[in-house]
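Chains as they are written, first to last, in this note's numbering: chain S, 65 to 284; chain E, 11 to 236.
It cannot be assumed that every hint is accurate.
[What the hints assert, rightly or not] Derived coverage of chain E by chain S (criterion: at least 3 residues anywhere in the stretch with Cβ under 8 Å from a Cβ of chain S; other residues may be distant): (1) 22 to 35; (2) 42 to 54; (3) 141 to 148.
[Claimed, not checked] Partner residues aside, some chain S positions facing chain E, computed with beta carbon under 10 Å: (4) Met-76; (5) Asp-77; (6) Leu-100; (7) Val-104; (8) Thr-149; (9) Tyr-156; (10) Leu-157; (11) Ala-160; (12) Gly-170; (13) Phe-172; (14) Gly-255; (15) Arg-265.
[Unchecked claim] The following label-pair restraints were derived from C-beta to C-beta distances: (16) E:Val-185 / S:Cys-97: 38 to 48 Å; (17) S:Glu-137 / E:Ala-81: 52 to 62 Å; (18) S:Pro-247 / E:Ala-104: 48 to 58 Å; (19) E:Lys-133 / S:Val-178: 43 to 53 Å; (20) E:Ala-159 / S:Leu-233: 56 to 66 Å; (21) S:Trp-264 / E:Glu-49: 40 to 50 Å; (22) S:Leu-228 / E:Lys-55: 25 to 35 Å; (23) E:Ala-159 / S:Gly-235: 20 to 30 Å; (24) S:Gly-170 / E:Gln-134: 31 to 41 Å; (25) E:Ile-155 / S:Gly-235: 40 to 50 Å.
Hint data in this document are derived by calculation from the structure and do not stem from the laboratory. No residue lacks a Cβ here, since even glycine has one placed at the ideal position from N, Cα and C.
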Amino acid sequence: MAIPGQKQLTSMDEFLEGIWKQNPVFVMVLGLCPALAVTVSAVNALAMGAATTFVLLGSALLVSLMRNVIPKEVRIATYIVIIATFVTIVDYLIAAISLELYEALGAFIQLIVVNCIILGRAEAHASKHAPGRAVINALGMGLGFTIGLFALGSVREIFGAGTLFGVPLFGPDFQPWVVMVLPPGGFFVLGAWLLLFNWWRNRKPAASEPANVVREASHG
Amino acid sequence: MSEATLQPATPSAAMIRTLGLVATVCGILLVLTYQNTLEAINANKRVALERAVFKVIPGAHSMKAFHVGKAGLVPEGGAVPEGAVRFYAAYDQAGQLKGLAAEAAGMGYADMVRVLYAYNPAKQAIDGFGVVGHRETPGIGDKIIFDKAFLKNFEALDARLDAAGDALANPIRVVKNGSKQNPWEIDAISGATVTCRAVARGINDSAQKLVPLLAPHLDKLTVPGQ
Numbered sequence: 065m066a067i068p069g070q071k072q073l074t075s076m077d078e079f080l081e082g083i084w085k086q087n088p089v090f091v092m093v094l095g096l097c098p099a100l101a102v103t104v105s106a107v108n109a110l111a112m113g114a115a116t117t118f119v120l121l122g123s124a125l126l127v128s129l130m131r132n133v134i135p136k137e138v139r140i141a142t143y144i145v146i147i148a149t150f151v152t153i154v155d156y157l158i159a160a161i162s163l164e165l166y167e168a169l170g171a172f173i174q175l176i177v178v179n180c181i182i183l184g185r186a187e188a189h190a191s192k193h194a195p196g197r198a199v200i201n202a203l204g205m206g207l208g209f210t211i212g213l214f215a216l217g218s219v220r221e222i223f224g225a226g227t228l229f230g231v232p233l234f235g236p237d238f239q240p241w242v243v244m245v246l247p248p249g250g251f252f253v254l255g256a257w258l259l260l261f262n263w264w265r266n267r268k269p270a271a272s273e274p275a276n277v278v279r280e281a282s283h284g
Numbered sequence: 011m012s013e014a015t016l017q018p019a020t021p022s023a024a025m026i027r028t029l030g031l032v033a034t035v036c037g038i039l040l041v042l043t044y045q046n047t048l049e050a051i052n053a054n055k056r057v058a059l060e061r062a063v064f065k066v067i068p069g070a071h072s073m074k075a076f077h078v079g080k081a082g083l084v085p086e087g088g089a090v091p092e093g094a095v096r097f098y099a100a101y102d103q104a105g106q107l108k109g110l111a112a113e114a115a116g117m118g119y120a121d122m123v124r125v126l127y128a129y130n131p132a133k134q135a136i137d138g139f140g141v142v143g144h145r146e147t148p149g150i151g152d153k154i155i156f157d158k159a160f161l162k163n164f165e166a167l168d169a170r171l172d173a174a175g176d177a178l179a180n181p182i183r184v185v186k187n188g189s190k191q192n193p194w195e196i197d198a199i200s201g202a203t204v205t206c207r208a209v210a211r212g213i214n215d216s217a218q219k220l221v222p223l224l225a226p227h228l229d230k231l232t233v234p235g236q
């Protein structure tokens, strides 16, 4: 139902949509399972974001290229096979790049396959747009998700370990807030960020048209 | 959604063709990735294992993996005898045996706690300890990695064989914080008892199997590449 409006979007709008207007973490509140589970450090958050972006890009490109030959009846099955393939590829790649990172991210790499952002993008966007546009949108969404994870991961690492990217920030006397690297800390930080975002958006309601975004978000 | 009802039904052949095409493309992508990353992944695993073994056996310079079973000692790579236990022999720069290491695992608070311990045949004791993987609570269970008092347990943890030579003389066990009296006991970290118990149980299970099997073959390990 949002298609008539989207036709006039420029590439830049398409790109920025995922980063700001429909940010997967802060606006659509999607993909929270990895967003809460692996964001105990900034590095983990960035790696998870990069892995998800890679899967988004790959699946968006392939789904978009094949959009005219995929019959409607088997489209979900096709998307899932494509997404699962890219998740497996990224799984091997991370293990090849760093085993430490692979162990830290654990099962959440494989779980990208059920991340609703990716299937949502394939169904709502890539299957209806040309490859160039689909890739730009996927890149924006991926970066938006990465920014969301990084916002969580950096705050949790700073308070939970007193470091950022492993570099100590507060000197030897800092007592880490262990709760920050535990699951409740993830909820606290996410809640705080959502609070900040909603305050920001409600401060100037005319610019962001929240009602419209929320309707689309529940769709994807 | 309404245009779907207006469209003619898709022929089955088209669906099968599409799914077949997608599966083929995806299959090729997967096989290519697997083959191109396999070497790097194996190299990473080897390096990670070496680093862990060298950490529990200071001064080690090279290592070899073996399986030891009732039938004898087999270097890794050959057929694994039934009931055999895997361990690593570490050598110093001159090629002298520096120590032996084996993996152990016990059920902790959240998941298996996987550790590596060093067994010193001359002292008949466990004299090295390192954590390979765990999912214990940060700030509580993960103290087993750096708690100095806990790590002191593994400077000379008694692992002597009994008179019959088929089990440890004294099973390795965990005791309440501050009540260690014997060299085969592990002083638990207060507050992290479950994790400490997992470590003790894992090491005991592993050593009870490994040490008796290893005893008759120790002399064959002194020279690398036998």
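Check: Which numbered hints turn out to be false for this structure?
Finding: 4, 5, 6, 13, 14, 15, 20 and 25
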